[in-house]
Structure formats: structure tokens, C-alpha cells
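Residue numbers (full-length UniProt numbering), protein chains in the order written: chain A, 1 to 366; chain B, 1 to 366.
Bear in mind the hints are in silico, worked out from the structure with no lab data behind them.
Fair warning: there could be bad hints in the mix.
Calculated cross-link-like contacts (lysine-lysine; reagent style PhoX-like; alpha-carbon spacing at most 20 angstroms) [to be verified]:
no., chain 1, residue 1, chain 2, residue 2
1, A, K364, A, K104
2, A, K104, A, K267
3, B, K358, A, K240
4, A, K149, B, K318
5, A, K318, B, K52
6, B, K35, A, K318
Here's a subset of chain B near chain A, in silico, CB distances under 10 angstroms, partners left out [said to hold, decoys possible]:
no., residue
7, V2
8, E4
9, F5
10, E25
11, V241
12, T242
13, V250
14, V252
15, G253
16, T257
17, I298
18, D314
19, W324
Keep in mind that this is a model prediction, so the values were computed, not measured.
Beta carbons: idealized from backbone N, C-alpha and C, even for Gly.
Protein chains: 2
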Amino acid sequence: MVKEFNVAVLGATGAVGTRMREQLEQSTIPVKSLKLLASSRSAGQTRIFKGKEYTIEEARPESFDGVDLVLSSAGGSVSKRLLPEAVKRGAVAVDNTSYFRMDKHVPLVVPEVNPEALQNHQGIISNPNCSTIQMVVALKPIFDLFGLKQAIVSTYQAASGAGQSAWNELDSEAAQHVNGQEMTAKILPVKAAAKHYPLAFNLLPQIDVFEDDAYTHEEWKMIHETKKIFLNDMNASQLKVTATTVRVPVPVGHGETVYFQVDQADKASAKAIQTAIAAGDGLVLQDDPAQQIYPQPINAVGKRETFVGRIRPDAENKGSYWMWVVSDNLLKGAAWNAVQIAEELVKRDLVHVADPEKSYELFKEN
Amino acid sequence: MVKEFNVAVLGATGAVGTRMREQLEQSTIPVKSLKLLASSRSAGQTRIFKGKEYTIEEARPESFDGVDLVLSSAGGSVSKRLLPEAVKRGAVAVDNTSYFRMDKHVPLVVPEVNPEALQNHQGIISNPNCSTIQMVVALKPIFDLFGLKQAIVSTYQAASGAGQSAWNELDSEAAQHVNGQEMTAKILPVKAAAKHYPLAFNLLPQIDVFEDDAYTHEEWKMIHETKKIFLNDMNASQLKVTATTVRVPVPVGHGETVYFQVDQADKASAKAIQTAIAAGDGLVLQDDPAQQIYPQPINAVGKRETFVGRIRPDAENKGSYWMWVVSDNLLKGAAWNAVQIAEELVKRDLVHVADPEKSYELFKEN
């Protein structure tokens, strides 16, 4: 008999939550029951899942009674408050927010890269940041074959990475501009920040808040999450990572230039890297300059894969290469990676919390 | 008595040519007469310069009779055909196209960086590529103070860098998208290329044609022009440069993430680099994360300066830093840099060709 699961989607009405429901619908996970949870504001709305209508409920601790699996994307403060409650009730939570990512008791997982990290989970598994995920998927076959010393990344991130409201803002700014009106900005670059700037027809070199060291928190995430995913140590020094993250006027689909240095420079070549990318899990090679074939956001929207092109060596630095990486930030960067983690949990028979009370104690103080 | 000059603008109706006329109007150059030259298609149109109407003439070799100074931006093939003719007639030409840039007899000049290269010109001076100019202006004070080992640059380039028609195409694609129509692309990424892709709400990692080594010609230009400008040697190995260039849906104003490594790592600091940028020629420091102050294309449009922010060290690589550089690609990246070169020629009393016949022979075979 196939085991079936009671699943809850927390933050079910957002850009990522909507896609979590859709990706779950298309997944291999046997769903016995579904709960769609959100804030009281959205409670009472309905959504369709596999042809059946579901009413959205306000998320409370008791919502998780009887739930086996939670897909969560309702914001860090909601995850902080409610995921320990879910775990206490025996549910396993895959969390798309950054809140638990650096907790040493929480695996940070990209199934193509480090699925084995799931093995000893204690109830909460974190989904990495969208811009981190597509970069590590692309770097994985290179890391395995040639080793990796360093990655220097510049991002071209879509508006939807800041949520549905930021996506809407880009749309309305574009319409304002086309109609000869002044653009009004109230959300980007960071909703809670003091100043807001238009993104349409502009570039904003700020994603998330600034840290004391003048890096943004988004840049901090790319650095430390990449180290944790590859080396299980957020401060690992054997893999250097640095980033500048920039918001661009694209609705969906992040781009990244990744300049990386391999360990075994003598073994590597652009051709070997292309071959490895073409054969890599979750990757599609789009790299034919003569045919003008390279990844573009408009072609990546709605796809689960990460697209890689523009692979070529830096002629002046042996062992250093460029690549251009594009993926749907709402799918592989968020909803699909979370559902994929859930599929992996099912496959490995890990949809249970060994000691719910102990996990609750671990996470409630987090 | 102030010396006055007979000036011609070649390619007077394009995005850059228009701005050359405007920048000339606001410049310190004493203009005795002005000729506006373009293709036969535009001949007969009129333009205003200092309150007076001028009729555009078709550009021919004889157009340059009696001309002292040519500002040229009509495309490489026009420069190839007509600039030797201008020089033969004793005119000095400042050329915005890439055609003569790598010629060893042609200075490649950014007045804030290498004005002394003008001294031995033989009639043609090249304006560097737009993305190169703003990068070298920003790197100049760093190069002088701390030395420079390497620059790794990713560009975020505006549509207008590919000309007025590309700018128009972005505008019409945006209107199509806002009105729910399909976007039609006929110009970008490269007009003469086989395939065209929409830029609006998208990213195109191709600027100019591809070289055999899988770099684009735009990337090739950034590498070799930077070496020629700083070290007067397009293949100088003591300064390593590499680039990935990407077109973004912005009308005017290029952005660049520049990751650079200084020579004297012990002497340099983010603070010292900020101070040097703030005091640098043609530079404006916009770097206050706490106040969300950083360069943005919409704020750079119409300005002659290059704007720099997001300066910070790579904590894992001593001596390596990031910065974010924005400038109006049509002004400092093209028209203003050309007029600024002309001002410098006037100031240095260099608006004459030593041996017009010899220069003609040099350049006609080019």
C-alpha cells in the first residue's frame, strides 16, 4: 500500500505559495489531504487542487494537528512562530524563508546537490535563497569533477523574487511609463526600508537590507548558503564565494554571471564543463554562440530546470571560467525546490520527526 | 584673438550624433562654422545649434574641405571610408566607432585617464567603447594610488548602446507587453544577426557579434581597450581584464559590477578607495548604504559624470574589492567623451594634422 500524506501549504496565496500548490499537484507525492493556510486576511478565499476546491484557513498552531508535511512560504516571522508548532505536532516542514537556514540543526538542501543532508533532519528543512539555488545547481557537476576554489557572482534578479507585490509594482510602473505618467514606487527595493525607487527601466543594486559590512543580506546569503550547501559549513574557507546582487526590470527569471576558479586547472576545459553541465541533474545546456543560443529569462519561465550558457575560459587565468545561469526564481528558486525536497523526503521515508518535543525545544528559541 | 574652428558632426541624426551636437553647444570649443553630415536619407532635414538652423548634408569626401574638427558617429564602415578623406583635407577626427580603435597610429583616449596619448595623434583619435569608458574612469584613481592587477566585470547595458533603433525597439516592446500584445524584435541583440529576441522584461547575454573564442566582440573590446588605455598596449599582460556583457531592459545608462584586485593590497582599503573616487576627475561617489544611496541609471541620464558606489572588500581575498559603476552611455560613454577629447585637443593646440598626405596613406588601407 502506498503511504499517503496530509500536506499543508503555509502562505498559500503568495507568488511562491501558489506555485507550491501547483508543483505539488504535478509531483509524485501521494496527497491524502491538503490544507491551504494563510493570514486571516486571506482566510475564506478558495483555490483549486486536483479539480477540488479548498478553502483557505487562517494559520494557527492547531492547523498542524494531523499534518505530515508542511510547505512554508509565509515570511520569516511566520516561520519562526508557527514551524516549531508544526514540528511539535509531528509534521516535517520545508521552509522557503531564510529564518532557519543557518541553524546547525536545519539541513539546507538542493536535491541535485546535497540530498544526503536530509538524512538527519529534526523536523525543519530549509530551502536556500533563489539566487543561491540556481548557482549551486550549475556549479555542482564542476565541483564534483574539478573541485572549486572560488565563485565570483553578479546577479540580475527578477522583481518576483521580492514577492507578488514587487512583481505587481514592476507591472504598474511599466504601464505608467508607457502611458507617460510618473512611476510610483512603494515596495522595492525593500518594502520596510525608508526609501523606494522605481525598478522599471532602471537597475537597483540593493536586494534585501544592508549589513554592517556594506554587503546586502542577499549577498551575505549567497556567500554563506553556498558554503553550507557544498561543505556543510557556512564559514568554510576552502571555497571562497563573493557576490554583488542587482535587481533588474524582469518579472520572473534570475540571471547570473558566475566567474569561477576550479581546483584542478589541468583537467578542466570549457568543453569538459559543457559536457558536465549537459549531463548534470536539473540542468540544461544552452550554449551555441554560432546559433545565438544562450539562456534568457523569458524562455525559463515556468520551467523547473536551470539553464546554463556562455561557458568560456578566462584566457589570462588558467582554471578560471565564466558561465551565465538563468532559472525561474519562483520554481527552482523556491516552489519547485521545496516540493522536490518533499519528494526526496518521501522517497527516503523521512516524513516523520524522530522526537517532536525535543525538536520543538530546539527550534522554539531559535 | 581666440582661435575658432570649423566643426563637422558626421552621423548627426543618430542617438550619439544628436548628443554630440548638444554637447558641442555646451562645450568650451569656439565654433566658427558647423556642418551636420549624415547619409543621403537624412539630407535636407534641419537641426538647431545655438539658436541657428542648420540643414543636414549628405556626407562625401568634399564635405570636409575647410573643416578643422570632425566628431564622427555614423558607423564603422562610414568611418573607414570617410575619415581618411577628412584627414587628407587637414581635419582632425574624433571617432566614436570601433573601426580605428586598435590601430597603433590612433590614440584611444578618455581625457580623465590618458589625455597625454593625444600628443602624437596623426589625425584620427578614437573614442573607446561606452562600457569601457565608464569602467576606466572609475578605475583610474585606484590604478594611480594602488596599482591594478585585475578587473573582472559584468555589465548591465542599456538598449541605446545599440543605437536609436534599439532604444525605439525597447520602447515599442514595452508598450506591446503593457497592452497585452506579443513583443516583436527585429533589431536586438545585433541588427545584422540571424536571430532577434525581445529585450523588454528580458536579459540578453549577447552584445555585438560572437568571436571564435565564444566571447562577444563587446567583451573583447572591454578587455583590449582597457589595456590600451591604461598601458598603451592592447595585449598588456600586467593588467588582466575579463568581461561578460549583458543587455538589460533599460533605455539609457549602463551599470557594471567591477570586481578588481589592487597591486598594493596593504595600502588599500574601502575607505581609501571611496576617498579617491570622491576626488577623482569626472567621478561622483554615491556610496551610503545606510541612506540607500547608490548609483542608478535613471539618476545618471543626462549627466556627464560616472557614478560609483557599493565599494567594499572581498573579505576572503585581501586586496580585492567590488564596485558598482553607472554612467549615461550616450554622454560619457560616447558624445561627451568625444567632445571632451575635442576640448582637450583645443586646449593643447592639437587641432591640426602634421602631415595630411602621410596620414591619409596610413589610414586609407586600414
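Could you check the structure against the hints above and give me the numbers of any it violates, in ascending order?
-> Hints 2, 3, 5, 6, 7, 8, 9 and 10 contradicted; others consistent.
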